[in-house]
Amino acid sequence: MSLLERTRGRERRRDVIGVGVAWLNRLAKSRTIDRFGWRKQTERVVFEATKSGFRTAGALSRSFSAASKLAKPSRLPSARGSGKFDLTPTEDQQTVVEVVREFAAEVLRPAAAVADTDCATEPKVLTASADLGLSLIEVPEELGGIVTERSAMTGVLVAEALSHGDMGQAVACLAPAAVSTAISLWGDETQQATYLPAFTGDSAPAAALAILEPRPLFDPFDLRTRVTGGKLTGVKSLVPRGAEAELFVIAAQLEDRGPALFLVESGHPGVTIEAEPSMGLRAASLSRVILDDVPAVQLGTFDDYIECVRLSRLGWCALSLGTAKAVLDYVTPYVNERIAFGEPISHRQSVAFMVANIAIELEGMRLVTYRAGSRAEQGLSFAREVALARRLCADKGMQIGTDGVQLLGGHGFVKEHPVERWYRDLRAIGIMEGAVLV
Amino acid sequence: MINLETPRKFRAFVNQAHQVAAEMLRPNSRRYDLAEHEYPVELDMLAAMVDGLGASGTGSGAGASGVRRTEGTEDTGVKNGSNLSSVLSIMEMSWGDVGLLLSMPRQGLGNSAIASVASDEQLRRFEGVWAAMAITEPECGSDSASIRTTARRDGDDYIIDGEKIFVTAGGRCDAVVVWATLDKSAGRAAIKSFVVPKDTPGVTVERLEHKLGIRASDTATIRFENCRVPAANLLGSPDIDPGKGFAGVMQTFDNTRPLVAAMAVGVARASLELTRDLLAEAGIEIDYDRPTHLQPAAAATYLQLEADWEAAHLLALQAAWMADNARPNSLEASIAKAKAGRTANDITLRCVELTGTLGYSENHLLEKWSRDSKILDIFEGTQQIQQLIIARRLLGKTSAELK
Chain X
1 MSLLERTRGR ERRRDVIGVG VAWLNRLAKS RTIDRFGWRK QTERVVFEAT KSGFRTAGAL
61 SRSFSAASKL AKPSRLPSAR GSGKFDLTPT EDQQTVVEVV REFAAEVLRP AAAVADTDCA
121 TEPKVLTASA DLGLSLIEVP EELGGIVTER SAMTGVLVAE ALSHGDMGQA VACLAPAAVS
181 TAISLWGDET QQATYLPAFT GDSAPAAALA ILEPRPLFDP FDLRTRVTGG KLTGVKSLVP
241 RGAEAELFVI AAQLEDRGPA LFLVESGHPG VTIEAEPSMG LRAASLSRVI LDDVPAVQLG
301 TFDDYIECVR LSRLGWCALS LGTAKAVLDY VTPYVNERIA FGEPISHRQS VAFMVANIAI
361 ELEGMRLVTY RAGSRAEQGL SFAREVALAR RLCADKGMQI GTDGVQLLGG HGFVKEHPVE
421 RWYRDLRAIG IMEGAVLV
Chain H
1 MINLETPRKF RAFVNQAHQV AAEMLRPNSR RYDLAEHEYP VELDMLAAMV DGLGASGTGS
61 GAGASGVRRT EGTEDTGVKN GSNLSSVLSI MEMSWGDVGL LLSMPRQGLG NSAIASVASD
121 EQLRRFEGVW AAMAITEPEC GSDSASIRTT ARRDGDDYII DGEKIFVTAG GRCDAVVVWA
181 TLDKSAGRAA IKSFVVPKDT PGVTVERLEH KLGIRASDTA TIRFENCRVP AANLLGSPDI
241 DPGKGFAGVM QTFDNTRPLV AAMAVGVARA SLELTRDLLA EAGIEIDYDR PTHLQPAAAA
301 TYLQLEADWE AAHLLALQAA WMADNARPNS LEASIAKAKA GRTANDITLR CVELTGTLGY
361 SENHLLEKWS RDSKILDIFE GTQQIQQLII ARRLLGKTSA ELK
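Protein chains in written order, with UniProt numbering: chain X, 1 to 438; chain H, 1 to 403.
In short, the hints are calculated from the structure, not lab data.
Yeah, the Cβ is synthetic: ideal placement off N, Cα and C, and Gly gets one too.
A few of these clues could be false.
Here are some of the chain H residues that sit facing chain X, going by a computed Cβ distance under 8 Å [to be verified]:
(1) R26
(2) V78
(3) P291
Computed footprint of chain H on chain X; a stretch qualifies when at least three of its residues, placed anywhere within it, have a C-beta under 8 Å from a C-beta of chain H [stated by the list, open to error]:
(4) 76-90
(5) 218-230
(6) 301-310
(7) 350-364
(8) 369-376
(9) 380-391
Chain X on its own, in the form it takes in the complex:
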C-alpha cells in the first residue's frame, strides 16, 4: 500500500492549510503535472494558501531566477523583541508550524516504520519536504530565501513539529537546510552566490553538515579531521544522507589555528561514503564520510564555528521535544485503555505518576529550549541556554523514551508500537553534533 493510499480516506478535520498540504503532497507525486508543465504553477497556488505566514509565495517565485553575486555577503539582522515575556508564536510561526505539523502527521508518521526498516526516507517525502520550503527558513529574501531577519525560533518550532511525526525522517528532511542555513549565516558573497541558488531553486540538492567523528568522548572543539594547505583529511560520523549529498559542510581543524567549517563538494575522488546504520535515526540514512586530501574552502570564522555547534545542539533539543511529545501523546490513551487487575492501569499511581513526570519534564525541556532559540534570534548570548537545554533534553528526553517503553511493558518492546523507535531515536540527543541547524 502506498503512502498516499494509507493517508487517504482517514477521517480528519482539516482547515484550509491542512487541505493545502495534503493536496500538495498528492500533487508532488503526480507525474501528470510534470508532463503538462504545471508543477511550478500548482506549487505556487498551494503556497499562496499559506502566504500570510511564510511569505513563501513571493520568495519562491523569485527563487527560480539565478541569484547574482552581491557586493558583500547578505546577513540577516537579529529579530527585534517587544521586551515582553511572551510564549505566543508569531502569526507567521503559527502558520508555518501548522503546515509542518500536518505534514508530520499525514506523511512522516505513517511512513516512519518503513523508513526505519529501510534506513531511508522515501524520495517523494523528501521532495514534499523541500516543497514546504524547509531549506529556505534561514535564507535571506535577497538570496532567494523567505526571511528578512534571524529566525532560529522558527527553526526550533519547525524541527519540533516535524519530529512529532518521526525524528529519523525529520533529520533526513532537515539535513540540506543545515547546509543552506550555514552558508547564508556564514558564507561570503561568492559562496552564497555559488551554492544558495541550488537550494532555493526547483530541486534542492542533498547536503549535510558533518561535525561528529567516530571516537569516545568526542569534542567538537578538538577535531582530528584536519585541513592543511587547502586539503581536508579525516573521518566524519553519523552524517545524514551522506551517500546522496552533493555538498558537505565539514568541521575540521585548520592547521594549528583552530576548528572551523569547510565546504566540500562530494564529486572529488578523495570522498568515500560508508553506510553507518545506527541504533536509531535510521530513516536519515546515516553514513561515515571519509575524506582523503579533498579540496576544501573555509566557511566562516572560528567564532562562527562555535555558533554553529551551539545552533546545531539547539536543533537537536528541538527534535527531542517533538519525539518526547509523541511519547506522551501515545502513552496517555494506552494506559487508560490497558486493563489489568480489573481496571485501567492508569488508576495506579506508579503508572499515572510516570505519565505526570513525562509531562512535567517535557514542559521544562520545551521552555528551556525556547528560551535558547529566542535569545539566538534576538542576537543575545545563548551559549549558556543552549548548554542547559542540551543537558536537559538529553537526560529527560531519554528518560521519557525509556518510560514510554516501560508504560507499554512487553508491548513497548516490540515493533508493533512506535515507542521502541522513539526510545532509540531519543538516545541520539546527547550524542549528536551537527547534521541539523536552526
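We have chain X; now place chain H onto it with these hints.
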C-alpha cells in the same frame, strides 16, 4: 513573539527587590535561623518598603496581593502583569531568605487567597490585614476534602469550631483564612474559606513549631472555639454546589502555587550561585560549550543542576504569565510547583555535597538553604499531590478513579 526574558518594564523593579534581599534579608538570615520564634523586627520597616515597591507603579502588587486576576480590559495584546511581577519579586526575596519572606507582614498566603477570590468589597475591608492560611488539621493534611473544622450559620454570622496546624505566620498575623465545612456530609462542595480576625473571641494560638528549616517564619497551631465571624467574611459563594465541587477554594492554588514555585527557584539560585563561586575558588570552572563528559565531575553535576533550575524558573514564569493573560493554568501551576519543589530540594542538597564541610557547616548558608528548601516541596500541595493533579488532568481521571 516568543521571548522568555525578564520583561523590560520589570527589570528596574526586580533589581530593587534584589537589593532589598541582598541588603536586608541575607544579613539577617543566620540570626533568625538560630533565634527561632524571635520576631524579626527588621521586617516591619521592610514591609513598608515592599508596600512602597508595590505602589511604585511598575510592579503593581509586589507580593502576595499581586495574584488578583482582573478581567474585561480592552487591551487584547499580551500582558505582563502582577502575577508575573509577584513571581519575579518573590524569586529575588527568596534568594535573600525564604523564611523571612514568609514572615513579611501583609504578604501572607492568606493575602493571596483573599486577592484571588474576595469580592471588591471584601478586598477593601481586608486591605492592610496580614492574613495567614489555615488548611491543615491534625487528622488531615493533603486530603483537604476531609477537614473537620466546621462553620455553622447563626443569623448574620458563622460560628467556626476546629483546630488548624502548620499555619505559616499564624502567630504574627492579624487574621487567618480558615477552611471549614458547612456540612460534613456534603463533601468537597461544602468547604468554604473564612477570614477570621485573630482578635475574635475563641481564637487561641496554642503553640509554635520547632522546625527543620524556615525557622525565621513562625508556624502555629490555632484552635477555634465558638468563633463568631460575620457572614460577609466568607470568601466566594456561600452555596453548596456539588457541580462546582472544590472550585472556589481550589482556585486559590492556581495563583499561589506559582508563588511557591518562585520561592523554590529563589532559594535554589542562592545555592547555585554560592556553590559556583566556591567551586571557582577550588579551580573548577563551568564551560557551557565543552561536552560535559570532558569536564570535571563537579562541573558536570553543576550543569545538570543548573539545567533543572532553568526549567523550574521558566515553568514558574509560564504559570504566572498565563494567569496574567486570563488563561486557565491549573495544570501549569501544578507542573511548576512540582518541578520547582523537587528541583530546589535536590539542588540545595547537592550543593552541600559539592562544597563539603563549607556547605555542611554553619559558616555559609548552604546548609540552611538545604533545610529551608524541604518545605517548598511540601506546602501548598506536596510533590505527590501535584503529580496526582497533573496525572488526573492528563488522563481525564476523577479523584475516585485515580486515588
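Verify the coverage statement for the region 76-90 of chain X against chain H, using a C-beta to C-beta distance below 8 Å and requiring 3 or more qualifying residues. It holds: at least three residues are needed, and the region 76-90 of chain X offers 11 whose Cβ sits within less than 8 Å of chain H.
Given coverage of the region 369-376 of chain X by chain H, checked by CB-CB distance under 8 Å (3 or more): holds (count 5)
Evaluation of the interface hint that places H/R26 against chain X, nearest CB under 8 Å: At about 25 Å, which exceeds the 8 Å cut-off, the nearest Cβ of chain X leaves the hint on H/R26 violated.
Cut-off 8 Å, beta-carbon criterion: hint that H/V78 touches chain X: Holds: closest Cβ of chain X sits about 5 Å from H/V78, inside 8 Å.
Verdict on chain H covering the region 301-310 of chain X, criterion of 3 CB contacts below 8 Å: holds (count 3)
Are there at least three residues in the region 350-364 of chain X whose beta carbon sits under 8 Å from a beta carbon of chain H? holds (count 10)
Take the region 218-230 of chain X, compare each residue's beta carbon with every beta carbon of chain H, and decide whether three or more fall closer than 8 Å. With 4 residues close enough to chain H, the hint holds.
Is the listed coverage of the region 380-391 of chain X by chain H valid when you require three or more residues with a beta carbon under 8 Å from a beta carbon of that chain? holds (count 9)
Grab the minimum C-beta distance from H/P291 to chain X and call the hint holds if it beats 8 Å, violated otherwise. holds (6 Å)
When held up to the earlier numbered hints, the structure conflicts with hint 1 and nothing else.
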